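Place chains Y, V and Z with the ligands on chain U using the hints.
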Amino acid sequence: MISKISKIPKITYFRIGAFAIALLFIAVVIWLSSASPVQVAAGMWNGAFGSSDRFARVISTLCPLLLAACGLIFTFTAGLYNLGIEGQITAGGIAATFLLRAIPEGFSPAIAITLAILAGILGGALWGILAGFLNIYGKVSEIFAGLGMNFTTQGLALYLVFGPWKRSGVASMSGTEPFSDALSLPNFGNTEFSPIALAIAIVALIFTTVIIKATYFGLKLKAVGNNLRAAYVLGIPAIAQMLSSFAICGAFAGIAGSLQVVAVFHRLIPNISSNLGFLALLVVMLVNYNPFLILPIAFLFSSLNVGSLELPLSLSLDSSLSGIIQGALLLFAILGEGLAKLTKNSAS
Amino acid sequence: MKVELCHISKSFGNVRANHDISMTVEAGSVYGILGENGAGKSTLSKILSGFITKDSGRILLNGTEVEIKTPADAICAGIGMLHQDPLDFPSLSVLDNFMAGRSILAKQQAKQERRNPVKKANQINRQQLTRELQQLAAAFGFDLHPSDRLENLTVGERQQLEILRLLSLGVQTLILDEPTTGISASQKTALFKAVKQLASEGKSIIFVSHKLEDVEELCDRLMVMRQGEVVGESEIKGRDSAELAASLVDMMFGREMALPAKHEGKLEESEIALSIHDLLIEGDRLSLQLDKLTVKSGEIIGLAGLEGNGQQLLLLACAGLLKPKTGTIRIGDLDMTHRPYRQFLKAGIAYLPADRLQDGLIRGLSIQEHFMLRQASSISQSGIFINWSETRQVTHQAIEKFNIRGKPASKVERLSGGNQQRTQISLLPDYLNLLLMEQPTRGLDIESSLWIWKQMMERCEKGMMIFFISSDLDEILQYSDRILVFSGGKVSQPMDAKNLSVDRLGQAIGGKFE
Amino acid sequence: MDIITILATAIATSTPLIFATIGETITERAGVINLSAEGTILMSAMTGFAVAKFSNSLILGFAAAALVGAAIALIVAIGAITLKQSQVSIGFVLALMCGDLSSFLGNPIVRVEGITVPSFKIPILESIPVLGKLLFQSDLLVYSSYILILFSWFFFYRTQGGLILRTVGEQPAAAFARGTNVVKMRYLYTLLGGALMGIAGAAFSLDFKAGWSHRHTAGYGWIALAIVIFGGWNPLRVALGTYLFGILQSLASVAQSAIPDVPTQVFNTAPFVLMILMLALTSGEWLDRLLSTLPRSLRQGILSTIRTTPPASLGKVFDQD
Amino acid sequence: NSPTPTTPSAAPSVSADASKEFKSAMILVGPKNDSGWNQAHYEATKYVMEKQTGIQFDYVDKVNPGDRPNVKASQVADDLIAKGAKLIIFNSDDFKDDALETAKKHPNVSVIHSSGDYAWKEGKNFKNQKNLGNVMPQIEYGKMIAGCSAALSSELGKIGYVGPLINDETRRLASASYLGAKYCWQTYRKKNPEDLKFKVVWIGFWFNIPGQTLDPTKVADDFYNNGFDVVMSGIDTPEVSVQGKKAAEAGKKVKFVHYDLKTGCNLAPDICVGVPYYNWGPAYLDQIKKVKEGKFTGEFISAEPNWKDLNNPDTSAVGFEKGKALTPENDKILTEFIKGLGDRTINLYKGPLNYQDGTPFLKEGETATPQQIWYFTQLLQGIEGATK
Ligand SMILES: Nc1ncnc2c1ncn2[C@@H]1O[C@H](COP(=O)(O)OP(=O)(O)OP(=O)(O)O)[C@@H](O)[C@H]1O
Ligand SMILES: Nc1ncnc2c1ncn2[C@@H]1O[C@H](COP(=O)(O)OP(=O)(O)OP(=O)(O)O)[C@@H](O)[C@H]1O
Ligand SMILES: [Mg+2]
Ligand SMILES: [Mg+2]
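Residue numbers (our numbering), protein chains in the order written: chain U, 640 to 987; chain Y, 8 to 521; chain V, -16 to 304; chain Z, 151 to 538.
These aren't lab readings, by the way, just hints derived from the structure by calculation.
These figures come from a predicted structure and were not determined experimentally.
Note that the Cβ used here is the ideal one computed from N, Cα and C, for glycine as well.
A couple of the hints might just be wrong.
Derived DSS-like pairs: lysine-lysine, alpha-carbon spacing no greater than 27 Å straight-line [claimed, not checked]:
hint : chain 1 : residue 1 : chain 2 : residue 2
1    : Y       : Lys332    : Y       : Lys497
2    : Y       : Lys418    : U       : Lys852
3    : V       : Lys116    : Z       : Lys308
4    : U       : Lys980    : Y       : Lys414
5    : Z       : Lys182    : V       : Lys36
6    : V       : Lys116    : Z       : Lys347
7    : Z       : Lys341    : Z       : Lys482
8    : V       : Lys299    : Y       : Lys76
9    : Z       : Lys489    : Z       : Lys347
10   : U       : Lys805    : Z       : Lys538
11   : U       : Lys983    : Y       : Lys414
12   : Z       : Lys274    : Z       : Lys445
13   : Y       : Lys418    : V       : Lys299
14   : Z       : Lys440    : Z       : Lys182
15   : Z       : Lys349    : U       : Lys805
16   : Z       : Lys500    : Z       : Lys332
17   : Z       : Lys196    : Z       : Lys182
18   : Y       : Lys118    : V       : Lys167
19   : Z       : Lys349    : Z       : Lys513
20   : Y       : Lys76     : V       : Lys67
The following residues of chain V were derived to be distant from chain Z, with all beta-carbon distances above 12 Å [stated by the list, open to error]:
hint : residue
21   : Ile58
22   : Val71
23   : Phe138
24   : Leu219
25   : Leu264
26   : Thr276
Same shape as in the complex, but just chain U:
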């Protein structure tokens, strides 16, 4: 019996412990706002899975989240902390909107939407490459370059929504003139679930997993991320690898942005990225850059996001609780990991 237990790696205990402490922390926070954790859990469950409408919404949030997370897998594998993902999503959304606005009326919607997504890819990838250039040639840390570019992109979106692309007579946060119904991705029944968007996201996830796990490209990326110098000495074109990881991440983010336009909002709104990029960063850090775990965690996070809307509805609580849960899970996971390493080192 004892020998059996000792076979479980020590780190597992730390992970379980971290998870338990995170739950405890969340319970305390809920209790501080004089609510019952059980009610909150039930409410959120109901909020996410209580009706087909809501479940559809979980899926429709899941799609861009998956795409952004897939993109981030590439940059994290290359050892880069792409905080600019929000901006890359926005850039994709702007590019897609640009294309849909430019397309003449009466154009085949299927082709128009396809082109819009392609434009999103292009826009996001360009934005990613720009961050890469700043990082590699400008020596600006990708963290701050990304952060700065997020705000800049936000400014661009605002400029467009309030300036050249504003609705006649109106200029508001509600965005540009909505596109005609034909120009949106078909939904499943009367819900917000777009099977095509989901298909794209799943394909992206499979693509990412295959590239990272089974191709020379993915391996080279990992080599660059783990030891830039040695990878270079071994003959791997390190700069090209880094730039392409930025470009791929941007491209995925761009798809996410264009889906936000063609499948969710049907227009450009200033906050088109909707914090999904940051959320994806949390997802990817929590799964420790392992593509196989992205789907369940992204699903959990998207359920939390959607489910939390029930809190103000039925419990008069603020829906920001979902962010607290997501953050706490990751924070304690990181601290637990560190503690595990520390005890291991001091033991040896």
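Then chains Y, V and Z with the ligands, alone, in the frame of chain U:
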């Protein structure tokens, strides 16, 4: 101040850096510590200066035992150390560097003397310190300007500043860890003058070096270390220079390694395959100048010298990893000088770094993944997807052939140093024109070393050239056809290995090659 | 609107950010990036306001905010210094999580009345012709921010403690060799920076925004991080950058009637574009190439004034055994 | 999946006899306690529930992309409808697409969009959606009174106006304020309209969204510090009053006119000139009754003030609450002005009036039609500030 170290031991994991070391330094004397790379000299010095904590042993100052746990303790006890690699703040000014750490010491001292620590710390004043620095510099004939930024100074000047700083702290014991490695001849003269002056004032100096002539010139007594242990101790005054040098070389490098079979190449008729002209390479600390070198195919060139004297610069330049300032490097008819690194790889040049996990192998990747990477970066890369079965097979073969203790899935950082080196070697491309190796057999047992050299020599028979750096003189003498000796960025004429003795080579490395 | 008034408003309203940017500068100078600024400011703004309101004491409010800031910084310090995890990850998570926490816990005190820092004109100084109006007609918090700027500059470059702080972020190993307890110093300055960031939060909710609402100060934390880089980790330059940001914001409303074609929101982004350009210009090799035609002495002068280098060990783990 | 939601048993706002109650719900763009627009709406829900038993009036607040990224008002409406709501009220101009979408998606549910014009047959954007109605009180008259009170109270003749975003509605309100101010400046204070400075700064949205709008705190500060001694709020949140209070405490002689909420003066009563406010309760109650009786037809309701008793909570859709900073003599004058507006002896929408760029809005003697008032394409001449 009389310094006594008694039975000091220190291990890093499996490495026994210091083992049961005892020594005594009389007040007013200069005590030399000699030893090959990795002998444990710096470790001993750092223990005395509180930078690392000893595992066991005692330290006595003027006969009383002291507890030295941190650098602050050491400075309070009057011990200061000039580190081997400059340990200062390049982005700060000379004056700031001079001042840094002073208040901590003041507080510590005040605590010991039970005075108000804040008052003492506040007594430090910029003008006053500027004056003190200038006076000290003048007294030793150093030319230092308080407002200069440190990064604009030479290594020698930085050392001078550090010494002045330590002296102004009232240090009675001064440890100098290889202070002569990166400095000019005139700076060395100034340094020696200062050291002698300090000794005459009654301070004790510990002088760590590899250089025989420096030790001879400066020290009153010395000890020689090898592999963490003391292998000899000797008085210097009054001994014959040549006889002393011979015995020291003998102690430093040891002779117990069995000599493997000598290389028997027929080099006379092969054509010149590598030529270097008017090369000037600028490194961080020193620049290397090499007027002319031609190498025939199949030839093995040993680069001898103590670490940090320019060997690595030449190696990196030949590998394409460092752009020379001037000069040309040609492989056959191909002028490689300004080509990108990948072209060097294509031209059949490979580099085998000494720091395996830093420059050669990738932490977090398995042996098999390294073979996949080799596959990916080779010119004949086949397809996008990883060919698992093929690479597994290749990896298995390599593990068997190179006798690597590990599985294909073992992460390289889990391998022992020797097996990491075997992995590095096993990853070399099959066909090479020039192989550049740093410390090729460091950490390997004799049998594996022989085996590796056998492999290398077979390759040389087919025309591959080798440049290699080794701190093991026997290895250099044994396998080189010709030897270049490096000292302070200068390179000796190529010496024929056949006509060279260990003694002669040792002396050349000590700087006596003209 | 006259320039002096605009500048005066900009300077006064930049005060909370001054506390945040100087705080972050101190932390980063010690070699630690506290990326949690955004969450820290929100959380401490909320707590500071709540405590001040219910205790009816401004001092307690500010103290509570400083405490919250230091507590969040403590998590960063434990994670980054002791547990040796990525500073960026921990800071980023905290930035997001504490923001949400402030919304969630602060729900009951949204837009309720509370107390604010009373205005206070400095008797003699206020009547100095231009300067008086520019600097000395606000409140004690604003004046203490001036003192903070000057003091931190003095501390950095004129005291032993400041020298130690800089050496710890520059070359911790060398600092250690000179007797500094690097780990202790890093903890100290991370907590101090966090506390100042907390005061920044309270400065919003107890003075400049006089109250609390959801995401009331959102964005300012990220801006603070950007300004620290823009200011090259030098308190005076950082303060200048902070004021520049404030002025840009004021100009946005002026520009609305002056150049009506540019949506005013675009001005909100200007500081970031500036920051990126500044960074790219000063850290890349472009500047060298640009200036390569100038004579050497001139070039050196320009480079040393424009170029900023981060503390050499910023974000790196130090192993002190 | 089952389309009927399972409500957690102990949820507080869903009462036990939920089935008997008529359920309506409101979607608020900002926080319910913003001391402004949203609070006025939120209080209307309480008014309705007080006046009429058997009505459950739910709400969801902060439905905007800053506070709830990736949440659309139409989604929230779907949720509320799934919980049984028979009437959905969208309270912001920004929700016009969501209101229409919801009305189309749920033909059996009545939808009211407060401030839009989709139900206005004579309007420009009529959508002919039977279950979608509009409610909008004629706040322009409240704004005229507010403008007048500001002009009466301003010693320097410098009035600042913190505007939200720029559209027909906000131009209408800013212009109405200016018309009131100009009239009273000229008529009662006997001064030259040229000497009246009336400046608008738009923050970009109805309330502050950091990083996306101008910070109203700062805009208000700028006004107070630059000699504007009366500042009018046109946004949902109380920055103008909060900053005014601070400026007054610092010794500046400043006053402000609030907006939206009857109790709006409370944050800084001593310097409050007054507040034009919405009284949504009666109109909503009326509509709810119609829905219950099946008589909801999706009208465009331009709810009027009760000129006889302007502050009557049950009959007047628009009111003006006078503040402490209104002097007794100004109070008298203002009362006279209100009377004039009520009996139509004062009609400020009467030519000649020019737009800001000099093109005529109303010719000599011409009176504005409801359409002209509703679709205000520019600010009026005399107002300083961006018009587009
Ligand atoms: N911090 C450390 N961690 C692990 N091993 C170490 C550490 N410092 C030194 N060693 C090992 O201890 C041994 C002695 O090193 P030390 O630096 O004392 O040698 P040295 O005599 O100064 O050599 P050199 O002449 O190259 O400076 C070496 O094998 C070295 O690799
Ligand atoms: N890639 C490089 N770029 C710039 N300078 C270098 C590079 N590699 C080495 N140097 C510098 O050149 C000097 C001489 O290097 P050398 O060839 O003697 O290396 P080494 O003997 O292996 O020394 P080390 O102990 O630093 O590894 C060293 O001071 C080193 O800092
Ligand atoms: Mg050494
Ligand atoms: Mg070396």
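(request) Compare the structure with the hints numbered earlier in the document and write down the numbers of the violated ones, lowest to highest. (result) The structure breaks none of the hints.
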